[in-house]
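**Student:** Turn these sequences into a full structure, and let the hints guide you.
What follows is the residue order along each chain.
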Amino acid sequence: MTKLLVWRDRLRVIYRDYEVLLRPLWKFVLSLIVLIFMNQTLGYDERLKNGIVLVVVSLISAFVPPAGFVLMMAMLALVHAYALASLLALPVLGVFLVLFLLFERYVSAYSYVIVLMPLAMFFHIPLLPALLLGLMAEPVGAVSSFCGMVVYFLFESFKNTAALGGGVTLDNVMNSYQGLMEEFLQNKAMPLYLAAVTVVVLIVYLIRRLAVPHAFLIAVLAGTVLFLTILLIGELALRVEGEPLLLLLGSLVSAGLAMLIQFIALPLDYSRIEQIEFSDDDYYYYVKAVPKMQVAAPKVRVKRINAQKITNNTADLYETLQQVSSEKKE
Amino acid sequence: MLDQRKIAVMARLAVYEKGAGKGDIRISSYSNLDYVRYEILKTFFRVTAAMALILFMLAAYKADYFVKQVTSENYQLYLFLGAAVYLLVLFFSEIAAVFSAMHRYRQSKGRLKEHYNNLRSMRRYYREEEQEKEQEKE
Numbered sequence: 001m002t003k004l005l006v007w008r009d010r011l012r013v014i015y016r017d018y019e020v021l022l023r024p025l026w027k028f029v030l031s032l033i034v035l036i037f038m039n040q041t042l043g044y045d046e047r048l049k050n051g052i053v054l055v056v057v058s059l060i061s062a063f064v065p066p067a068g069f070v071l072m073m074a075m076l077a078l079v080h081a082y083a084l085a086s087l088l089a090l091p092v093l094g095v096f097l098v099l100f101l102l103f104e105r106y107v108s109a110y111s112y113v114i115v116l117m118p119l120a121m122f123f124h125i126p127l128l129p130a131l132l133l134g135l136m137a138e139p140v141g142a143v144s145s146f147c148g149m150v151v152y153f154l155f156e157s158f159k160n161t162a163a164l165g166g167g168v169t170l171d172n173v174m175n176s177y178q179g180l181m182e183e184f185l186q187n188k189a190m191p192l193y194l195a196a197v198t199v200v201v202l203i204v205y206l207i208r209r210l211a212v213p214h215a216f217l218i219a220v221l222a223g224t225v226l227f228l229t230i231l232l233i234g235e236l237a238l239r240v241e242g243e244p245l246l247l248l249l250g251s252l253v254s255a256g257l258a259m260l261i262q263f264i265a266l267p268l269d270y271s272r273i274e275q276i277e278f279s280d281d282d283y284y285y286y287v288k289a290v291p292k293m294q295v296a297a298p299k300v301r302v303k304r305i306n307a308q309k310i311t312n313n314t315a316d317l318y319e320t321l322q323q324v325s326s327e328k329k330e
Numbered sequence: 001m002l003d004q005r006k007i008a009v010m011a012r013l014a015v016y017e018k019g020a021g022k023g024d025i026r027i028s029s030y031s032n033l034d035y036v037r038y039e040i041l042k043t044f045f046r047v048t049a050a051m052a053l054i055l056f057m058l059a060a061y062k063a064d065y066f067v068k069q070v071t072s073e074n075y076q077l078y079l080f081l082g083a084a085v086y087l088l089v090l091f092f093s094e095i096a097a098v099f100s101a102m103h104r105y106r107q108s109k110g111r112l113k114e115h116y117n118n119l120r121s122m123r124r125y126y127r128e129e130e131q132e133k134e135q136e137k138e
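If you read the sequences in order, they're chains A and B. So the first sequence is numbered by the working numbering: it starts at 1 and just counts up by one. So the second sequence is numbered by the working numbering: it starts at 1 and just counts up by one.
Treat the hints as calculated values from the structure; they're not laboratory data. These figures come from a predicted structure and were not determined experimentally. Don't be surprised by glycine CBs; every beta carbon is placed ideally from N, CA and C. Mixed in with the good hints there might be a few duds.
Subject to a maximum C-alpha distance of 30 Å in a straight line, what follows is the list of computed BS3-like cross-link-like pairs (lysine-lysine) [to be verified]: (1) B:K133 / B:K6; (2) B:K113 / B:K42; (3) A:K27 / B:K6; (4) A:K303 / A:K288; (5) B:K18 / B:K113; (6) A:K303 / A:K3; (7) B:K68 / A:K188; (8) A:K159 / B:K62; (9) A:K292 / A:K3; (10) A:K188 / B:K22; (11) A:K27 / B:K18; (12) A:K49 / A:K159; (13) A:K188 / A:K159.
Sample of chain A residues lacking proximity to chain B, with all beta carbon distances greater than 12 Å (derived) [to be verified]: (14) K3; (15) V6; (16) R12; (17) V55; (18) M75; (19) G94; (20) R105; (21) H124; (22) N160; (23) L180; (24) M181; (25) L246; (26) Q275; (27) K303; (28) Q323; (29) V324.
**Tutor:** Quick look at the structure:
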């Protein structure tokens, strides 16, 4: 635990010292990961698979605000959809526009989640962003996770429609469109995941605000159990083909990662809780203060074992002597 | 000699004006009620556009069914159902917009108050500097 705290403090110092460099760097890396993921899952436009394009787009993403980043990723996804069938990109654009018109004002603070949620779904850890939103954000963050989930299922449907075979031609574009909408709207897993993620964000938020010891840990455990319960029972009830083992593993990994990130962001020492009571003219206060864990980083002392070597260079010595003598004269 | 407190206040002012300040100054140009009204109006247009888009997409998805229902005798029932869904979505969106606008207005007012306090302390620093310069001249 102490080692972890020391590492946390070191990381904080490094981040504080190099924030100007690290902030665009992590955005660059994130953008690169998202683009590679997009090329793997969609990848209909060969031009976007070019390494130079990937690097240039990631570089631009590193210096634009979060809303601009999401917009860029949405544009690139549209380009992929357009490359497969120009008319089939229209429903994708339509869903993007509906999401923008209805939810834009609520997602601006957590716009990264819209891009991260499909990525988390791909890696079977959708619980992680939900838990982190509940632990660190406001309940309105649930809207971002909702939008991210819709985007993921939209592209899943798009991929499945494209994989049906025969390709999308101008003649069968209407059938393809209907197939895409059928796949998207009749997908029973989507409402299930939407409900599970939204409930997790809200419940985790409510529990972590309770004035009880280990509220964050309880919130993560409750969120994980709730998520698994909703999905497992829902999949059984709605007869959705799922992967329970992957779901369980992904949820456990998500819970572990959420706890680790929570620990790095805000380590609390519940063994030293202080209860304070005081009053002013209007109120009587009961305050519960939980101290943060803090460990001073051990100072490294370098002990010289070899004796200092005497060199024949006496230039510095002469200079110093001259200075001392001139000071004395003054 | 650098005045560290003055530099801290100036930094705070610059950070605010570069970040949240832009939006806050725009919001503060409205009264609370006007801002909420503006958000209600904006939500109305947004929800109407979104619902029209959804209707268009659904109509294209189930074109045959849609045409059959519109031309049937039951078209009034479908019209009523459509209007009910639209009004329900609009109602909940407007409620969310009102609460969100009120919350945002309150937050921006708080931040602006702090910003004006910082501006006031800057003015005080400048006045003190001018007085010191005048005293030096005399």
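**Student:** Should the label of Q323 of chain A as a non-interface residue stand, given a Cβ cut-off of 12 Å to chain B?
**Tutor:** holds, 28 Å
**Student:** Given the hint that K49 of chain A pairs with K159 of chain A, does the C-alpha gap stay at or below 30 Å?
**Tutor:** holds, 17 Å
**Student:** Does the claim that V324 of chain A lies off the interface hold, with its Cβ farther than 12 Å from every Cβ of chain B?
**Tutor:** holds, 31 Å
**Student:** For G94 of chain A, is the shortest CB-to-CB distance to chain B above 12 Å, so the non-interface label stands?
**Tutor:** Given that some Cβ of chain B is not farther than 12 Å from that of G94 of chain A, nearest at about 5 Å, it is violated.
**Student:** Mind verifying the non-interface call on R105 of chain A? Its CB should be farther than 12 Å from each CB in chain B.
**Tutor:** Non-interface label fails for R105 of chain A: nearest chain B Cβ at 6 Å, not farther than 12 Å.
**Student:** Does K6 of chain B sit within 30 Å of K133 of chain B, going by the straight-line distance between their CA atoms?
**Tutor:** holds, 17 Å
**Student:** Would you check whether the claim that R12 of chain A is not at the interface survives, using Cβ distances to chain B and the 12 Å cut-off?
**Tutor:** holds, 20 Å
**Student:** A cut-off of 12 Å on Cβ-Cβ distance, and M75 of chain A was said to be off the interface with chain B. Does that hold?
**Tutor:** Label holds. Min Cβ-Cβ 18 Å, cutoff 12 Å.
**Student:** Does the structure keep K159 of chain A and K62 of chain B at a Cα separation of 30 Å or less?
**Tutor:** holds, 21 Å
**Student:** Would you check whether the claim that V55 of chain A is not at the interface survives, using Cβ distances to chain B and the 12 Å cut-off?
**Tutor:** Holds, because the least Cβ-Cβ distance between V55 of chain A and chain B comes to about 29 Å, which exceeds 12 Å.
**Student:** Quick check for students: does the CB of Q275 of chain A sit more than 12 Å from each CB in chain B?
**Tutor:** holds, 30 Å
**Student:** Take the C-alpha atoms of K68 of chain B and K188 of chain A, compute the straight-line distance between them, and say whether it is at most 30 Å.
**Tutor:** Within the cut-off at roughly 27 Å; holds.
Checked against the numbered hints above, the structure breaks hints 3, 4, 10, 19, 20, 23, 24 and satisfies the rest.
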